[in-house]
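Let's have the full structure, built from the sequences with the hints guiding it.
Taken in order, the sequence shown gives residues 1 to 182; the numbers are from the UniProt record's numbering.
For the record, the hints were derived by calculation from the structure and aren't laboratory data. C-beta atoms are modelled at their ideal positions from N, C-alpha and C, and glycine is treated no differently. Any given hint might turn out to be false.
Claimed, not checked - With a cut-off of at most 27 Å between alpha-carbon atoms, the simulated DSSO-like pairs for lysine-lysine come out as follows: (1) Lys71 to Lys136; (2) Lys57 to Lys113; (3) Lys50 to Lys77; (4) Lys83 to Lys113; (5) Lys34 to Lys50; (6) Lys147 to Lys136; (7) Lys35 to Lys21; (8) Lys35 to Lys57; (9) Lys147 to Lys158; (10) Lys43 to Lys57; (11) Lys48 to Lys147; (12) Lys50 to Lys113; (13) Lys158 to Lys50; (14) Lys35 to Lys48; (15) Lys158 to Lys48; (16) Lys57 to Lys158; (17) Lys35 to Lys50; (18) Lys57 to Lys71; (19) Lys83 to Lys71; (20) Lys83 to Lys57.
Unchecked claim - What follows is a list of derived Cβ distance ranges for each label pair: (21) Gly11 to Arg120: 51 to 57 Å; (22) Asn121 to Asn78: 23 to 29 Å; (23) Gln94 to Ala68: 21 to 27 Å.
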Amino acid sequence: MTNGKGHNSMGMSETDFSVLKAHHFRLRLTQEFKKREAADAIKSINQKAKAEGITAKELNHLIETHFAEDKQTMVDKNERERKNLVFMGIIPDQFQGDLLSDRVTGEQLIDAKGFSAGLRNLDRVSGYDAGSADDKTWLAAFDRGQKTFLERIADVLKQSEAARTNEEPEADGEDPFADAAE
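So this is what it looks like as structure tokens:
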């Protein structure tokens, strides 16, 4: 018997222990195939995005930010990096003493968060008190983000495909000069 004292397999025959090991191997192998399939899919997505001007690094940052438990850490890191670039003279100090020049109102921030959540097709839950002004602002922006995505995605993908293949995008049947004739 190769399995030592304290294992759940204690007292098993070699054959039974081999069956148990094979069981765990199969479970792990299934997950490994899924992991590799996901890695291949991510690689393909990154290649398509790169061809459209979006780097894998940008996508990785978006995914990292999406799953970050502490968003403030991400904000603080970004601010430190911006200050370092100013210090090195790579970018100008756009604030030049006015620390509030880049601030938006709370409502604008809530609107931006809701719109982004709608574009990304996240759950339609604002996180604010149900029925509050902030909740209504976020939900309206979420709906606007969803609508914008649904209205634009087909055209955006056509344009992207046309650029990739160096072809003109198909006309959508509308007269582009209809407004000018009126």
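Here is how each hint holds up against the structure:
1. A threshold of 27 Å between alpha carbons decides the hint, and for lysine 71 with lysine 136 the separation of about 23 Å falls inside it, so the pair holds.
2. Only pairs whose Cα atoms come within 27 Å are accepted, and lysine 57 paired with lysine 113 is accepted, the gap being roughly 22 Å.
3. About 25 Å separates the Cα atoms of lysine 50 and lysine 77, which keeps this hinted pair within 27 Å; it holds.
4. Of the pairs offered as hints, the one joining lysine 83 and lysine 113 holds, with about 25 Å between alpha carbons and a cut-off of 27 Å not exceeded.
5. At most 27 Å may separate the alpha-carbon atoms for a hinted pair to count; lysine 34 and lysine 50 meet this at roughly 24 Å.
6. Simply put, lysine 147 and lysine 136 have alpha-carbon atoms about 16 Å apart, close enough for the 27 Å limit, and the pair holds.
7. Pair hint lysine 35 plus lysine 21 holds up; C-alpha atoms about 21 Å apart against a cutoff of 27 Å.
8. Distance restraint check for lysine 35 and lysine 57: the Cα-Cα separation of roughly 20 Å lies within the 27 Å cut-off, and the hinted pair is therefore satisfied.
9. In summary, the hint linking lysine 147 to lysine 158 is supported, as the alpha carbons are separated by about 18 Å, within the 27 Å threshold.
10. For the given pair, lysine 43 sits about 12 Å from lysine 57 by alpha-carbon distance, which is consistent with the 27 Å threshold.
11. The suggested pairing of lysine 48 with lysine 147 holds, with an alpha-carbon distance near 24 Å, which does not exceed 27 Å.
12. A C-alpha spacing of about 26 Å is found between lysine 50 and lysine 113, which places the hinted pair at or below 27 Å, so the restraint holds.
13. Restraint check for lysine 158 and lysine 50: satisfied, since their Cα atoms lie roughly 17 Å apart, inside the 27 Å limit.
14. A C-alpha spacing of about 20 Å is found between lysine 35 and lysine 48, which places the hinted pair at or below 27 Å, so the restraint holds.
15. Simply put, lysine 158 and lysine 48 have alpha-carbon atoms about 14 Å apart, close enough for the 27 Å limit, and the pair holds.
16. Distance check on the hinted pair: lysine 57 and lysine 158 sit about 25 Å apart at the alpha-carbon level, within 27 Å; holds.
17. Only pairs whose Cα atoms come within 27 Å are accepted, and lysine 35 paired with lysine 50 is accepted, the gap being roughly 22 Å.
18. For the hint pairing lysine 57 with lysine 71, the CA-to-CA distance comes to about 18 Å; that is within 27 Å, so the pair holds.
19. Proposed proximity of lysine 83 and lysine 71 is supported: the alpha carbons are some 19 Å apart, at most 27 Å.
20. Annotation: proposed proximity of lysine 83 to lysine 57 holds, straight-line Cα distance about 21 Å (limit 27 Å).
21. Checking the proposed 51 to 57 Å range against glycine 11 and arginine 120 shows it holds: the Cβ atoms sit about 53 Å from each other.
22. The beta-carbon spacing between asparagine 121 and asparagine 78, approximately 25 Å, falls within the hinted interval of 23 to 29 Å.
23. At about 25 Å, the CB distance of glutamine 94 to alanine 68 agrees with the hint of 21 to 27 Å.
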